[in-house]
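Visitor: Residue strings, one per chain:
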Amino acid sequence: MSTARPAPTASARGTALHAEWTKLRTLASTCWLLAAMIALTVAVSAAAAAAARCPSGACADDPARISLTGIYLGQALVAVMAVLAVSGEYGSGMIRLTLAAMPRRISVLAAKAAVVTGLTTVAGTIAVMGSLLAGRLILPGNGIGPAGGYPARSFGDGAVLRAGFGSVLYLVLIALLSLGAATALREAAAAIGTVLGLLYLFPIVAAAAGDAAVSRHLEQAGPMTAGLAIEATTGLSTLPIGPWAGLGVLAAWAAGALSLGGLLLRLRDA
Amino acid sequence: MTAATMAPPRPGPAAGRDSFAYVLHAEWTKFRTVRGWVIAVVVGALVTLLIGVYTGARSQDGCATGPCHFTIPTGPGGEAVTDTYYFVHRPLAGDGSITVRVTSLATVLDGGLTPQGPTSTQPAAVPWSKAGLLIGAGPGQGAAYAAVMVTGGHGTRMQWNYTGDSPGLAGGVSAAAPRWLRLTRDGDVLTGYDSADGRHWTRLGTVTVPGLAATVQAGLFATSPGYTATSSQQLSGSSGSGAPTDATATFDRVSLRGGWPGTGPGTASAGAAWAGTSVNGGRDSISYPSGTVAGYHQAGGAFTVTGSGDIAPGVDGASSIDATLAGLFIGLVAVIVVGALFMAAEYRRGLIRVTLAASPRRGRVLAAKAVVLGAVTFAAGLTGSAGAILIGTPLLRANGNPIYPASALTDARVIVGTAALVAVFAVFALGVGAILRHGAATVTVVITAVVLPYLLAAAFPVLPDGAADWLLRITPAAGFAIKQVIPAYPQVAGSFSSYQGYFPLAPWAGFAVTCGYAALALALGAWSLRRRDA
Numbered sequence: 002m003s004t005a006r007p008a009p010t011a012s013a014r015g016t017a018l019h020a021e022w023t024k025l026r027t028l029a030s031t032c033w034l035l036a037a038m039i040a041l042t043v044a045v046s047a048a049a050a051a052a053a054r055c056p057s058g059a060c061a062d063d064p065a066r067i068s069l070t071g072i073y074l075g076q077a078l079v080a081v082m083a084v085l086a087v088s089g090e091y092g093s094g095m096i097r098l099t100l101a102a103m104p105r106r107i108s109v110l111a112a113k114a115a116v117v118t119g120l121t122t123v124a125g126t127i128a129v130m131g132s133l134l135a136g137r138l139i140l141p142g143n144g145i146g147p148a149g150g151y152p153a154r155s156f157g158d159g160a161v162l163r164a165g166f167g168s169v170l171y172l173v174l175i176a177l178l179s180l181g182a183a184t185a186l187r188e189a190a191a192a193i194g195t196v197l198g199l200l201y202l203f204p205i206v207a208a209a210a211g212d213a214a215v216s217r218h219l220e221q222a223g224p225m226t227a228g229l230a231i232e233a234t235t236g237l238s239t240l241p242i243g244p245w246a247g248l249g250v251l252a253a254w255a256a257g258a259l260s261l262g263g264l265l266l267r268l269r270d271a
Numbered sequence: 153m154t155a156a157t158m159a160p161p162r163p164g165p166a167a168g169r170d171s172f173a174y175v176l177h178a179e180w181t182k183f184r185t186v187r188g189w190v191i192a193v194v195v196g197a198l199v200t201l202l203i204g205v206y207t208g209a210r211s212q213d214g215c216a217t218g219p220c221h222f223t224i225p226t227g228p229g230g231e232a233v234t235d236t237y238y239f240v241h242r243p244l245a246g247d248g249s250i251t252v253r254v255t256s257l258a259t260v261l262d263g264g265l266t267p268q269g270p271t272s273t274q275p276a277a278v279p280w281s282k283a284g285l286l287i288g289a290g291p292g293q294g295a296a297y298a299a300v301m302v303t304g305g306h307g308t309r310m311q312w313n314y315t316g317d318s319p320g321l322a323g324g325v326s327a328a329a330p331r332w333l334r335l336t337r338d339g340d341v342l343t344g345y346d347s348a349d350g351r352h353w354t355r356l357g358t359v360t361v362p363g364l365a366a367t368v369q370a371g372l373f374a375t376s377p378g379y380t381a382t383s384s385q386q387l388s389g390s391s392g393s394g395a396p397t398d399a400t401a402t403f404d405r406v407s408l409r410g411g412w413p414g415t416g417p418g419t420a421s422a423g424a425a426w427a428g429t430s431v432n433g434g435r436d437s438i439s440y441p442s443g444t445v446a447g448y449h450q451a452g453g454a455f456t457v458t459g460s461g462d463i464a465p466g467v468d469g470a471s472s473i474d475a476t477l478a479g480l481f482i483g484l485v486a487v488i489v490v491g492a493l494f495m496a497a498e499y500r501r502g503l504i505r506v507t508l509a510a511s512p513r514r515g516r517v518l519a520a521k522a523v524v525l526g527a528v529t530f531a532a533g534l535t536g537s538a539g540a541i542l543i544g545t546p547l548l549r550a551n552g553n554p555i556y557p558a559s560a561l562t563d564a565r566v567i568v569g570t571a572a573l574v575a576v577f578a579v580f581a582l583g584v585g586a587i588l589r590h591g592a593a594t595v596t597v598v599i600t601a602v603v604l605p606y607l608l609a610a611a612f613p614v615l616p617d618g619a620a621d622w623l624l625r626i627t628p629a630a631g632f633a634i635k636q637v638i639p640a641y642p643q644v645a646g647s648f649s650s651y652q653g654y655f656p657l658a659p660w661a662g663f664a665v666t667c668g669y670a671a672l673a674l675a676l677g678a679w680s681l682r683r684r685d686a
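Protein chains in written order, with the numbering used here: chain A, 2 to 271; chain B, 153 to 686.
Same shape as in the complex, but just chain B (with noise of 0.2 Å):
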């Protein structure tokens, strides 16, 4: 087109109909005209806000009594940790290394909360009790670290600041079965080993762990986290039982390289150095099953070590900013209803074969469509969203509910990832409606492929976790997962099911179903509007 043609304020009506703009801007009026779709989009995010706002103003759940302000550690990722261990430990000046056996770990459970009885304790399997060495910038909780460790039920493991994980040798310890464990440090640089018989040994892995001084703590740990029993099928959450466990561990045959003050060079640990300490959070919020206590004992060469806890990244006991979403699915139902309406209302009073004489042609009817309406659901998400985790949130901290520590970039994933989820299921919405043409059919079609999964698998436990997991990973729900805030960590014996909040797919990858079909309700519903009389 030339500047010539451009040039008249009004351009002929063939050339200006053939625009897009020109579409859009028919589409545009269609919308903003209907004083019943404007209304249901702002109530709908108003009303998303206001919940938003309502659950940080009414929520008290931080403590039993009042409000009370602890603070969740955080890694030296930034992430949420659990950091609670005993620890034998003395300073390493430098670079050396230090070299254990581990001849057992036992773990013990509180009775008290189990099937078989009142409070005593028990032996039990916990699979992430851990013991081994361990190097770390400082006592406090959150401190970067590296580990080497045998655990209760996964094998020989190397750890190193909460989230790294990397596996060794398999299989479990005993007497008959040592395990050998080697740490060495070479300024930032730690390497971990691991061997069965202390003279074949296996790199297990090579971390870089910025900002250690130059003298760290370095010593034996042991910890064990609490177990959980869930039961998938309890009405309305109810997870199931837990209780403290611990677990203890015998060391022998210490041998120390490298800078240990107080120590010759290579010789065999000389008691005096060792200092024990709980590493804990300074409150009470560390239990052990009863009749058991944290410390450790050392005859000649050998120790015992025992402590409860975690040292991995922290889940649970703590809300997420997605907690002041609970309005999303009202603002969400209003959406569909006006999404299905924008396409097919058109076909109710004959409107549609105004449209198309207009705009003949039907492929850009409907892509005009789609644009207006996905801008239009997009703002209105975004108020919501928006309105609802950055006033929500404070709120809650306010109150003295903990919230997960999340980088700048996850909360901004989340307010937009949901504001451009609800557009995305409004285009679903359109492309559904092009396809049936019936606003009644489309509104129940994309209410029980959206609403419903998510229902039946994240809100309201009915379907064992298995089932739960594959409805949010094939139907549209599955973009519901870019709202979930702390991932789900395999180093963790955490409860990861749908009904906790984790889903099955990683936020974006869920969103990109949720986005499949709604790109393949478009297409079908375009090529339906091409090929079908109007």
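With the rest of the complex left out, here is chain A (with noise of 0.2 Å):
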């Protein structure tokens, strides 16, 4: 480039855009991470579904909750295609490469989160279909579908669809958290070791907390814990946060993640 750096125009953003996504496309971990992704997620869920029992028709059980076990088990994927997006260019020193193409750091991050949203949106939707299809095809021959006493709802119906696409961007803000703790971190194993430690530690320390109190603060705040109240179809009086506070609550989250990754991206050596 032999002039003075230009100022970003659509065209460089695009380019921004069309290198990650070049960059993530051909990498093989993202198409076998996000593949696993999908079958784990539905197989989980499926398998939870066939676990489900409710003989007695009188039973607090969320269908929907049900059908989407395997989120937390996809989620783990989700995030680590994230963190590897950034902490794999740290490993090899390609970051040095991108940043000499793109020396506008915050446009690199930003590109980076657009294609691992544009990937999990996609993967997400095929993972939750197909885990509350499985739940829609097992659980009434558990006794938990219409003749359970359970009222019939469709996929339209706006409970199930808030848990559908809620799940869907539940599975975004997570790869969105992870993007952020690994420009924040950069080595994979630790920045995967936080965001798997921000997810499933904040219930494991609520319920071994022994004080109510403290308990549902620890739910309402958890990324987790917080982010799958958008999951509940039944009995959303008894959840610690409600529906869509509970996505904000990650979506905070996410935020506070990226802006810390932005900001150590600007000012850190690379």
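Because the hints were derived from the structure by calculation, they are not lab data.
Wrong hints could be hidden among the right ones.
[Claimed, not checked] Listed below are several chain B residues computed to face chain A (Cβ distance under 7 Å; list not exhaustive): (1) L202; (2) Y206; (3) R210; (4) Q450; (5) G452; (6) V485; (7) V489; (8) I599; (9) A601; (10) V603; (11) F612; (12) P616; (13) V644.
Source: prediction; values computed, not measured.
The beta carbon of each residue, even a glycine, is placed where N, CA and C say it ideally should be.
Could you use the hints to bring the two separately framed chains together as a complex?
Guide: What follows is the structure, encoded as structure tokens:
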């Protein structure tokens, strides 16, 4: 480039996006991780639906929540995919080439976020649809369906739509949280450990806290416990936090992680 | 190796590299000089400890209004017990026996908390309601005893000293199918019999109850434990509803033999000598279905006895020392990341080639890493678990939270076992790291294999009980059984699900499952290290 750095144009942003898309698309691990995410999410969801029992017809089970059990595992693979999108570049030194080609570091992060969002949306939609479909097919046979006293709900029902779309959004926000954490921490293993710790430890510590008020606050603050409130279609009043408010908590975590990552990306040497 | 070759202060490089101590020292140097790993392990241990202290200092769940101080009765073996029943008794001096016929056992449930309607009592099937004969050391709670009884749903049984339980005739009791019970005392030896017709007797068991005085209390008892309905999938552990129940049993044909003051040998009962006692802790904890009262009624040779409670090992209403281990999982994640990186980081910068050039015996390198990592994480785990339990538990107690009495051996098993579990998980991560050679992949695999099953099965009620139990049997998370303090007893109608902290495997069996996974990962890792290029 012989002239001074040009102002960012629509085409420059397009180039950044295209570059990130090419990098992520051509990584074998991305494809494998997303395929594994879909397969494991649907498999675990189907297994949970097959194991659910409600012989008496008076259970508090939420069919949508059971159908989406696989998200607990699937989110870990989404997190790995997002972490590797950043940490992979630090591991190989590729990041120096990337930043030499595109010196506007925030644009690089934004392009990565856009690509990760797109990929997660597509894979997440398939996984969530597959899980809900599996639940729809399996659960009524175990007494959790119209015969068991549950309201018959189509996929177009408001609460089911919220659970389905919300779960895809949940996965996207998990990916963004992981992207931010990886940008801040760089080291892939540490970033994965931090993200999975944030997700899984809140409910475990809340369950062990032994103090109802502390437990409830922990469940309201935890990115997973709050975010997964979006899956609920029954018993909303017993949730620690409302569905959309819960997703908002997760969005705040993701925004915080991305901001921290962006700040450190600008301030530190690559 | 002879003494001569050992004599120089710096052994030759070939000899030195060949020794395991040398490799061990090299790995220890690698570990302690990576600042991030040391910080992660130390912070993990401190967070575990501090959360334990915080749990103890913060928790005020013992009573609704401020701290209260009630003690849990303990049985002859030092275990927590429930010992609440109605007892119609008279002294037995020396040896003797008592025989009785039971013609009915009816239980009622307080209807106030059931879907059926407002407060009223109604017949209920309470499987562990019990009534029968009891010979015991005294009226206080937790006294040594042996008893033969009919139960609501588990046939005739002999039980002794709270934890002992032995089955007899199956089936319920009714006027058409009465049950005959006999309990004899011969010194410290108590023997129980049952019979369907009063002529053909079967011995249920002979037990030695040490420490019985010369004169003991013997007679008829009735009791019935509270009813609990658990629905497995309520969020956040709300475990369903409960209500008090009581049991009313009808006895007749009481016959006494041996040293019964106030009766001639072999005669039927003389009414005046019987006394009724409601055995309880002297507090309001015992509750009856509305409209019913404990007591007994005697008409001629027939007795009707009504009681509520249980004579059994205690499992409800108190914390155990593992309540202070909430922070364990935070430390665990730190240790898993370090364990994964201890192996995987060698591959990132090509250090593994230097390592293997210096020490070509590859299996030995992995073994040295496992020893160093295991020792460091065991020390960190011990700091966390011992600190959390030894500081947090007295704080819990001081805040009025009843703590389950457990033997010092159980306490030591929980503290040391938890530390060992942390070390085994770290070594598991090391082995997976040797197989996968990639830090992020290793951390993901290990955390989803260790923390996720525990989360789904024990912390966050998502799965049905059966699936949850299987997860805690076959995944590496089985090892968390090492921190279970209160055993699950089959003769107690409790909610022994994993959400209540009861693991499907015994403590050491669960620990062995986790060790098996770690050993398998190490073996595969060693194989992979030897067979593949670095």
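Visitor: Does each hint fit the structure? Answer for all of them.
Guide: The hints, checked one at a time:
1. At a threshold of 7 Å, the smallest CB-CB gap from L202 of chain B to chain A is about 12 Å, leaving the interface hint violated.
2. Look at Y206 of chain B: its Cβ only gets to about 9 Å from chain A, farther than 7 Å, so that hint breaks.
3. The restraint placing R210 of chain B at the interface with chain A holds, with a minimum CB-CB distance near 6 Å, inside the 7 Å limit.
4. This hint is violated: Q450 of chain B has a C-beta 42 Å from the nearest C-beta of chain A, more than the 7 Å allowed.
5. A hinted interface residue such as G452 of chain B counts as satisfied when its beta carbon comes closer than 7 Å to some beta carbon of chain A; here the least separation is about 45 Å, so the hint is violated.
6. For V485 of chain B, the shortest C-beta to C-beta distance to chain A is roughly 4 Å, which falls under 7 Å, so the interface hint holds.
7. Because the smallest distance between the Cβ of V489 of chain B and any Cβ of chain A comes to about 4 Å, under 7 Å, the interface hint for this residue holds.
8. Taking 7 Å as the C-beta contact cut-off toward chain A, the hint placing I599 of chain B at the interface holds, the least distance being around 5 Å.
9. At its closest, the beta carbon of A601 of chain B sits 11 Å from a beta carbon of chain A; the interface hint therefore is violated under the 7 Å criterion.
10. Hint status for V603 of chain B: holds, given a least beta-carbon distance of 5 Å to chain A, under 7 Å.
11. Annotation: F612 of chain B was flagged as interfacial toward chain A, and the flag holds, the nearest CB pair being 4 Å apart, inside 7 Å.
12. The closest approach between the C-beta of P616 of chain B and any C-beta of chain A is roughly 5 Å, which is under the 7 Å cut-off, so the hint is satisfied.
13. Taking 7 Å as the C-beta contact cut-off toward chain A, the hint placing V644 of chain B at the interface is violated, the least distance being around 22 Å.
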